[in-house]
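Asker: Letter by letter, the chains look like this.
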Amino acid sequence: MSSALLQVRDLTVSVGRGERRYVAVRDVGFEVPAGGSLGVVGESGSGKSLTLRALMALLPRGVRAERGVVELAGEALPFTGPGARRARRGRLAMVFQDPLSGLDPVYTVGTQVAEVPRRVLGASAAASRRRAVELLRMVGMPDPEQRAHAFPHQLSGGMRQRVLIAMALASEPKVLLCDEPTTALDVTVQAQVLELLDDLRRRLGVAVVFVSHDLAVVRQVADELAVMYTGRVVETGPATEVLGHPAHPYTLGLLEAVVDLDDTAHAPQAIPGALPDLAHVPSGCPFHPRCRFASDDCALSDPGFRYLGDGDADRGTACKYPERVMAG
Amino acid sequence: MLRYAARRVAAAVLVVFGVTLATFLLMHLEPGDPARAVLGIHATPTAVAALRREWGLSSSLPAQLGHFLSQLVRGDLGQSYIYGVSVSSLIGARIGETAALVAVATAFAVIITVPLSALAASRQNGWADHVVRAVSVVGLALPAFWFGIVLIEVFAVHLHLVPVGGAGSGFGGHLEALVLPGLTASFAMAPILVRSLRVGMLEVMDADFIAVARAKGLGDTRVLFAHVARNALVPTVTLLGLNIAYLIGSTVIVEQVFNLNGLGSLLLSSILNRDFPVVQAITLVLGTAVVFLNLATDLFAARLDPRIRLR
Amino acid sequence: MTTFVEPPGPPPLAEGGRRPRHILLQRARRSPTLIIGAAISLTLVLVAVLAPLISPYSPDHQDLYNILSGFSSKHLFGTDELGRDELSRLIWATRTDLRVGFLAVIFPFCFGSVVGTLAGYRGGWLDTVVMRAVDVLIAFPFYVLVIALIFVVGTGTTGIYVAFAVVDWVVYARAVRSTTLVVRESDYVAAARTGGLPDSRILLRHVLPNTITQAVVYLTNDVVLVIVAVVTLGYLGLGVQPPTPDWGTMISDGQEFLTTYWALSTLPGIAVLVTGLGLSLLGDGLADVLRPQ
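Residue numbers (this note's numbering), protein chains in the order written: chain A, 11 to 338; chain B, 127 to 437; chain U, 36 to 328.
This is chain A alone, in the form it adopts within the complex (with noise of 0.2 Å):
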């Protein structure tokens, strides 16, 4: 466990002051190994994005965070204060999920890029210039010296998300957090750049960490998962292990909702209930009322989370009668 590249222990989330504050994101904690993928799965509403915020200390106005640890490399990273910007230099970036609204509109993207270059790491504008290019190159965007001088209105929504993807690689990151980068794109799209993802991780030796509510995204890109509900991490593990043999009865129900092409025999089917609203989450364990393994002291106590000691040390639910679950 200690060999992680990145570790994040008991992060907590609140938003909002005085009466009306209510936990997004509750003792959030997970692992990432150097070079490793991580996929956060969970629906909208599940705190997934404002996790990756409280990474890159970019939370906005009335949203803070309690408490947690972010370790780099063993180097705890502090979350507010002017050096925390600082400190995720060259160690995290973020890829944002909307490449429209996630690009300047007034300036090129190629100044965009080499922004980074040059007023984060202090290079010449020429040697700026040139590493933008060598950047979009290896984002995969054809004709890079041209495509540099065009406004963010004139690139298609794949070419607008590659761009964010070398902003991201320019500061040289270790780990590289994506919030649902394939989300406004198209599906043909979604599969190039989850490709350019899987690539840029094996040839860089980047960590990634990938936020999405789509199952099928994860899936492609992920060697482990963490499922996320209701701003807590409900299960963990190997991504071939949670989604073959789901521990938590949450995953169980995302899977089952998921349209199956290969498998005609079953129908989708929705997970009964609705996601309650953060400020007003059932006692005990907040996935009870809609859990068909539910038993009485579900609703009396919280769960919190546990390893399974299968030999296979990220392996974890937050269910107390896993056993239940991955019986069927």
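There's no promise every hint is true.
To be verified - For each label pair, taking beta carbons as the anchor points, the in silico distance ranges come out as:
hint	chain 1	residue 1	chain 2	residue 2	range
1	U	Leu-216	A	Glu-53	35 to 43 Å
2	A	Ala-135	B	Asn-385	51 to 59 Å
3	U	Arg-240	B	Arg-134	35 to 43 Å
4	B	Ala-254	A	Asp-196	43 to 51 Å
5	U	Glu-220	A	Thr-274	39 to 47 Å
6	B	Gly-201	U	Leu-216	37 to 45 Å
7	B	Pro-188	U	Arg-157	27 to 35 Å
8	U	Arg-240	A	Leu-131	53 to 61 Å
9	U	Val-217	A	Asp-196	21 to 29 Å
10	A	Pro-282	B	Leu-368	51 to 59 Å
11	U	Arg-240	B	Leu-301	54 to 62 Å
12	U	Arg-157	B	Leu-368	22 to 30 Å
13	B	Gly-201	A	Leu-131	53 to 61 Å
Claimed, not checked - Only part of the chain U face toward chain B is listed, based on derived beta-carbon distances under 10 Å:
hint	residue
14	Ala-168
15	Ala-183
16	Ile-185
Just so you know, these hints were derived from the structure itself, not from any lab. Since we're looking at a predicted model, the values are computed, not measured. We treat Cβ as the ideally placed atom computed from N, Cα and C, and that holds for glycine.
Dock chains B and U against chain A, hints included.
Answerer: Frame of chain A; chains B and U shown alone:
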């Protein structure tokens, strides 16, 4: 960019033509006979008729329009009924003053607007923000001429910091004399601009690409100026263009209050004296100036924001 | 036989949709800007309406033994150069200027909103003609055109009404037209049109309720500008004519006594300021409450 500019210039020319036409019609709708006004009530009908013929007022309206346009194309703005000299010379003598006033007022407006908006936006809902917003609400309700009078009273009469009125001598004297008038005129525009820029900056600050910029590792100052301000300026620059018309109009008032010899005060006196050609020419000149200043700001906005060039 | 099936009204919380009235009232009660603005504006309206009752003297009454007196127990704010009580004149000027200001915006508001809606909805040549007219009018510096028009029509309140009628409608037309363009493209209007509803009905039931709120917000801001303009014209001698009391003429009359009897010019200016403040706050408050959250 070039195509966008060409389109805008063509549109501007059309509007100037419209302005010309409207001014002409306006003047000829006016009741009262300028010839009789100049010659006095004891003038004989023949004398009046002769003067009217000399001024071309006896021909039909379309003929007069044609005559006016043909003269205009040659650069001849006609002769003043009252002063008897060419209108162009009258305008030429005074246009400098008005132009200087407009320039100083715009400069003051920018100097006031940008820092105040940046301050208010960066400390949203802090006390600085509330003060700025309060001042801009008050500014909108402020009659410019009254503000000018108060300024004169406080700074010129009591504190003797600047001259009370008149144009001053020499470049330095000139500029000094324009401080209070320029400030007064800028207060007509500043509140609207501050409001617009503040809201613009707040909206931009919440945008995704600002978070991206921060994520890239850029420092707060760079983010604020290169990204937030640059984006937020665009709608405000357009608003500035729209307000230039109001600013130029308010110079009429300001020149009265501060006793300046610009086009504004000439316009006022010419209207009082029914000096057609002068009124027509000044209205035309001011209207054209507005159109081209608007054009300049629109083109500047297009330079700032590449998406505008598509429209 | 075809029957018209009218689509339901705009969804309650979608952009531009009508919100239930009780939600609006709730928001109104929580907005300090709206409350303060409404309080000030209402006070001023009351002063204007009750002027004959609350004014200590008639505004024309000349106390020739007390010309240019300072603050005194007989004349709270002093008297002007003709012996007229300043406080009374201030109260009556409120009546005059508010009345003229409010009346002057009626035509621009109605005409501008109607023209703007039609131009935005119909498009085509109507839109082009209207927009060209707007462009030309906007190119004229405001006061230049107003003053020129006043000279065509004559000074006094008639001149003011005509001048603003010609010049001021353009702001409303432009604002309303932009909103109309947006609303026209919305789903529920498209549904209404394909459903075969006559244009007049669509305009009345679906388009107008949304564009009218924009126009009303503009109205509250415009009234401030119009009142300031009326006062400015009074100062120049082109607006409300004496002996009718008006803040502008009061300021101009008092200007020569600025060093000795500053109240004569200063107080009317402050009155304009307070009026403008109250109406602006009211407008801002309304805009906040009506804005889709």
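Asker: Does each hint fit the structure? Answer for all of them.
Answerer: A quick look at each hint next to the structure:
1. U/Leu-216 with A/Glu-53: 35 to 43 Å: Since the Cβ atoms of U/Leu-216 and A/Glu-53 sit about 37 Å apart, the hinted range of 35 to 43 Å holds.
2. A/Ala-135 with B/Asn-385: 51 to 59 Å: This hint holds: roughly 53 Å between Cβ atoms.
3. U/Arg-240 with B/Arg-134: 35 to 43 Å: For B/Arg-134 against U/Arg-240, whose Cβ atoms are near 38 Å apart, the range 35 to 43 Å holds.
4. B/Ala-254 with A/Asp-196: 43 to 51 Å: At roughly 46 Å between Cβ atoms, A/Asp-196 and B/Ala-254 fall inside 43 to 51 Å, so the hint holds.
5. U/Glu-220 with A/Thr-274: 39 to 47 Å: 41 Å, holds
6. B/Gly-201 with U/Leu-216: 37 to 45 Å: At roughly 41 Å between Cβ atoms, U/Leu-216 and B/Gly-201 fall inside 37 to 45 Å, so the hint holds.
7. B/Pro-188 with U/Arg-157: 27 to 35 Å: 32 Å, holds
8. U/Arg-240 with A/Leu-131: 53 to 61 Å: Given about 60 Å between the Cβ atoms, the range holds.
9. U/Val-217 with A/Asp-196: 21 to 29 Å: 28 Å, holds
10. A/Pro-282 with B/Leu-368: 51 to 59 Å: For B/Leu-368 against A/Pro-282, whose Cβ atoms are near 57 Å apart, the range 51 to 59 Å holds.
11. U/Arg-240 with B/Leu-301: 54 to 62 Å: 59 Å, holds
12. U/Arg-157 with B/Leu-368: 22 to 30 Å: 25 Å, holds
13. B/Gly-201 with A/Leu-131: 53 to 61 Å: 59 Å, holds
14. Ala-168: 8 Å, holds
15. Ala-183: At about 6 Å, which falls below the 10 Å cut-off, the nearest Cβ of chain B leaves the hint on U/Ala-183 intact, so it holds.
16. Ile-185: 8 Å, holds
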